[in-house]
Amino acid sequence: VANLAVLWIQPGPGARVDTGRVQWAKVRAMEKMARIDYLAWKQLGTGSLVQTVETGADGVRAVVAGFWVPLFGSIIPELVMSLTLLYGYDRPTGLLAMGGFVAALPISRAVIRYAERHKHVILDRQEAFGRRAVRAFMEMVTFRLHGRYPAELAGAHTLSGEIASAQARMRL
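In the working numbering, the protein residues as written are 1 to 172.
Hints in this document: simulated from the structure, not taken from any laboratory. There may be inaccurate statements among the hints.
What the hints assert, rightly or not - Derived DSS-like pairs: lysine-lysine, alpha-carbon spacing no greater than 27 Å straight-line:
1) Lys26 x Lys119
2) Lys26 x Lys42
3) Lys32 x Lys42
Take these sequences, add in the hints, and give me the full structure.
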């Protein structure tokens, strides 16, 4: 019965953290919008600001629910329990495992930095590709009249190739 009660109650705090962090991010964005310059607001536009707020809130949700909650809720407790049991069962093997985890930290940090660099390249290229695509759609008549579509398509092909190669390097 206690196990069923825990399984029934457990989704509540997770949903509260998930939704609460998203709402927290949106409120903070509204606080920042209260201080934005009117000319900057007019230049950005309402749609862009709303999209930025929603994207930021989704990012907060991904970081909290996808990283911090699993890290402190399951990964670290499981690691501590496993190492404690292993150390209690066989001390030399437990010490060797602890040393392996300590040695793995700088390696994983270097790998994460490498992936982060490539992720920034991917995001920059995707943003440039999006700008180019929107511009091509919005100025289609002008581009056709002045023969600029081949140059725009060449730029889009280049950006597309750069995105694909950076994505492949990051996954390797």
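Evaluation of the provided hints:
The suggested pairing of Lys26 with Lys119 holds, with an alpha-carbon distance near 25 Å, which does not exceed 27 Å. Distance restraint check for Lys26 and Lys42: the Cα-Cα separation of roughly 20 Å lies within the 27 Å cut-off, and the hinted pair is therefore satisfied. A distance of roughly 15 Å separates the Cα atoms of Lys32 and Lys42; the hinted pair therefore holds under the 27 Å criterion.
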